[in-house]
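Using the sequences and the hints given, assemble the complete structure.
Line by line, the protein sequences are chains A and B.
Going by the UniProt record's numbering, the first sequence opens with residue 1, and the numbers climb by one from there.
Going by the UniProt record's numbering, the second sequence opens with residue 1, and the numbers climb by one from there.
Keep in mind that the hints were calculated from the coordinates and are not lab data.
A quick note: this is a predicted structure, and the numbers were derived from the prediction, not measured.
Don't take each hint at face value.
Label pairs and their in silico Cβ distance ranges [claimed, not checked]:
#1 A/Glu264 with B/Asp285: 33 to 43 Å
#2 B/Gln237 with A/Asp276: 34 to 44 Å
#3 B/Ala194 with A/Val60: 34 to 44 Å
#4 B/Val267 with A/Leu182: 26 to 36 Å
#5 B/Glu275 with A/Leu347: 28 to 38 Å
Below, a list of computed lysine to any residue pairs in the SDA-like style, where the Cα atoms sit at most 25 Å apart [claimed, not checked]:
#6 A/Lys171 with B/Glu176
#7 A/Lys300 with A/Asp313
#8 A/Lys263 with B/Asp217
#9 A/Lys143 with B/Lys216
Sample of chain A residues with no beta-carbon within 10 Å of chain B, all distances over it, derived [as the list claims (entries may be wrong)]:
#10 Lys144
#11 Glu262
#12 Asp311
#13 Asp313
Positions of the beta carbon are idealized from the N, C-alpha and C atoms, including for glycine.
Protein chains: 2
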Amino acid sequence: MNDGYNVAVVGATGAVGTKLIEMLEQTNLPLKNVKLLASKRSAGRKLLFKGEGLFVEELVPESFDDIDIAIFSAGGSISQKFAPEAVKRGAVVVDNTSQFRMVDDVPLVVPEVNKEALKKHQGIIANPNCSTIQMMVALEPIKKLAGIGRVIVSTYQAVSGAGAKAIEEVKQQSREILDGKLPEDLTTGILPVASDKKHYPLAFNALAQIDEFADKDYTKEEWKMVNETKKIMEDDQIKVSATCVRIPVITGHSESIYIETEKEVSVADLRACLEDAPGVVLEDDPSQQIYPQAMNSVGKKDTFVGRIRQDLDVTNGYHMWVVSDNLLKGAAWNSVQIAESLHELDLVKI
Amino acid sequence: MNDGYNVAVVGATGAVGTKLIEMLEQTNLPLKNVKLLASKRSAGRKLLFKGEGLFVEELVPESFDDIDIAIFSAGGSISQKFAPEAVKRGAVVVDNTSQFRMVDDVPLVVPEVNKEALKKHQGIIANPNCSTIQMMVALEPIKKLAGIGRVIVSTYQAVSGAGAKAIEEVKQQSREILDGKLPEDLTTGILPVASDKKHYPLAFNALAQIDEFADKDYTKEEWKMVNETKKIMEDDQIKVSATCVRIPVITGHSESIYIETEKEVSVADLRACLEDAPGVVLEDDPSQQIYPQAMNSVGKKDTFVGRIRQDLDVTNGYHMWVVSDNLLKGAAWNSVQIAESLHELDLVKI
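Below is the structure:
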C-alpha cells in the first residue's frame, strides 16, 4: 500500500491540461500531491483543484524530482525534451503527444483494449491520438466477437483538438459570417494546421486536412489512425484507411466507420456486444431518432455508438457512427485511466 | 427551329426556386417567356429576371396551358398533384423532388452521365437527389476508365438542402451558442427533419440523420444515394452503401467516397481522367494544400474532386473528397441542364 502518488500535469493551462485537472479531481487514483507545470509565461497563475488554489510552476528538469506520475500535454517538442528528464528522475510518463507513440518499447494504450501492454513500459507510456482512441473503444468488443479484417473511417472532428486558439478562431469566423462578412474577409491564421503554409476558414465549412500531408497523400492524422490502430490492436494484418476532416464543432469527434468482420454476425449481435462493452454507451434506436451526437458527448467519458447497420451488399460488412468528447476520452480521461491502470497493475515504483 | 420555350418555375420563391431563376438567366436554352409559380401566399410578389420584374402567380392547373417546360421545386406533394396536370397540358416536367425518381418510365438524369435516357421520357423527367448528383459526376469518368464495383460514401451535407427555414434555424442556433446559451436552451423545430418527431440543434453539431429512417435502419436519404446511383448508372450490380450526415455548413455538400474499380489504375490515371471530365474541376495538390472546400463551391456549377488516394491495402480501392454547391449542381443547375439537353436532343414538342 502506498499513501498516494505525486502527480504532475505538464501543460496545465492548455485545452487538454485543464481537462486533465478535472479528470484528476474525479479519479480513484490515490493522490498525495498534484503539481501543475507550464511554460514560464503561465507560471504563477493559480488554478483550482478540488476547491483549493494551486500555483502553476515553471517546467524545469528538477520539477520531476519528487514526481511519481507525470502526464504530458504541452506539445511534442516539450515531451521530447522533458519526458526523458522525468523518467530519469523516477517518474512514469503518460504522454498525450504523438512524440513517442510509434516507438517500439513505448506502450500505446487504450485501457479498455490493451491495458496489459503497460507491463512492458520503460518509463514512457503514450496516449493515442483522439480520433484513434474512440474508434478502438468501439471496435475492440466487435473484434472479440467476430474479428476485424478491415476498417474504412471518415471523421468529423471538432476544433478543440487543434487547441484553444483554434476554438477562438472558429468562433470569431462564425460571428463574422453571421454579420455578413464575405469568405475572403474572414480572420484566418491557425486552421487547418497552424504550422502549415496556408490557412482557411473552418466556420460553416469542412476542411479535409488535419495535420500536415505526408506519405501517399494521406495526412499525418490519417496515418496516425492507421498505424496506431495496428499497434493498439497488436495486429499488423488489419486493413485500415482513413479520411480525416475537421468540421465546425467545438468539442466532440464523430466518425463514420465501415468494418468487415472475419465472422458474419447480426446487427443484434453487434448491438448486444457493444451494450456490454466497457466505456461504450449504445445509442441506437432509429425509431426514436436516437443516435450519437457530438453536442451530447461533451463532458462525458464514454464513447457513444449508434447507426449500426449491415452493409447492403457485403454480408460481413457493417456501418456505424461513433462519437466521443475528444478532450476527455480522446485525451485527458484516457491519460488518467492509464494512470489508474498503472496503479491497478502496480507498475509505478514509489 | 423554334423561337424559344415558355418555361415555368414551380416553387419560384424557395431556396432552390430562386437559384432556378438565376440559372435560367445564364442558360443557353432559347427562352420565350418565363413564368414564376408559387403558392397563393407568395403570389403577387415581384422577382427580378434579367433585370425585369416578374410577378409570381398562384399555381393552378391552368398555369401550364401555354408552358413547354415546367421545372418543379415545391415539394413532393405539389409535384404529385401538379406535374401530371402540366404534362396533360403539353409541358415537359423536370421535377426536383423525390416524387417520381424511382418510377420506371421516368428518366432520372445527370446530363454528364445519362443524357440519352431523356429520349424515353413520357412527360416527366426527375432530377436526382443533390448528394447523388455530385457523386455521379465524379464517378462516371472513373467508371468509363476502370469500371466501378463498389461505393461507400459518407456525406457532410449542408443545411440549405433542408430549405430556407432550416438555414435561418441554424444561424439562430449559432448566434445563441456564441452568446453562451446552453444546448438545452437552443431554438429547435426544423432540423434534422421538419416532419419527424424530434428536433435537435445542428449548430456546432453533426446529425447522422437526413430524412426519415426507413428499411434496414438506413435513412431515406441514404436509400436515395443507393437506388438512384443504380438507376442513373444503369447498373443494378454496383454495390453502394451510404451514411448521410448533416453538418453546420450553409451551402456546399462534401462527400468522402471510397470506390473499388474493376480494373486497377494509378492515382495519376484517375486524376487525368477527372481533369478531362465534363462538369468536374480537379482540385488535388496536397503539396499546396489544394483540396475541395464547401465554402469555395458556393455559386459554382462544377463538382470539385480532390484528396484522391489509393487505399492502403486494397489495390483497386481509392478514396476521394467530392464537393459541390447543393443548390446548383445538386438542384437548380442540373434541372436547367436537363432542359438544355431536352432542347439539344429535340425532345420538347412546341
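Over 10 Å to the closest beta carbon of chain B is the bar; see if A/Asp311 clears it.
-> violated (5 Å)
Compare the distance between the alpha carbons of A/Lys171 and B/Glu176 with 25 Å, and conclude whether the hinted pair is satisfied.
-> holds (12 Å)
Is A/Asp313 truly not at the interface, in the sense that its beta carbon sits beyond 10 Å from all beta carbons of chain B?
-> Given a closest Cβ separation of 4 Å, the condition is violated.
B/Ala194 paired with A/Val60, Cβ distance criterion 34 to 44 Å = violated (59 Å)
For the pair B/Glu275 and A/Leu347, does the Cβ-Cβ distance stay inside 28 to 38 Å?
-> Violated, since B/Glu275 and A/Leu347 (Cβ atoms, about 56 Å apart) do not stay within the stated range.
Going straight from one Cα to the other, do A/Lys143 and B/Lys216 come out at no more than 25 Å?
-> Holds, because 23 Å separates the two Cα atoms, which is no more than 25 Å.
Take the C-alpha atoms of A/Lys263 and B/Asp217, compute the straight-line distance between them, and say whether it is at most 25 Å.
-> holds (21 Å)
Can you let me know if the beta-carbon spacing of B/Gln237 and A/Asp276 is within 34 to 44 Å?
-> holds (38 Å)
Given as non-interface: A/Lys144, partner chain B, CB spacing beyond 10 Å | holds (22 Å)
33 to 43 Å as the expected CB spacing between B/Asp285 and A/Glu264, which holds or is violated | Because 42 Å falls inside the window, the suggested range holds.
Given the hint that A/Lys300 pairs with A/Asp313, test it: the Cα-Cα distance must not exceed 25 Å.
-> Since the Cα atoms of A/Lys300 and A/Asp313 sit roughly 35 Å apart, the hinted pair is violated (cutoff 25 Å).
Against chain B, does A/Glu262 hold up as non-interface, every C-beta pair farther apart than 10 Å?
-> holds (15 Å)
In this structure, the hints that do not hold are numbers 3, 5, 7, 12, 13, in rising order.
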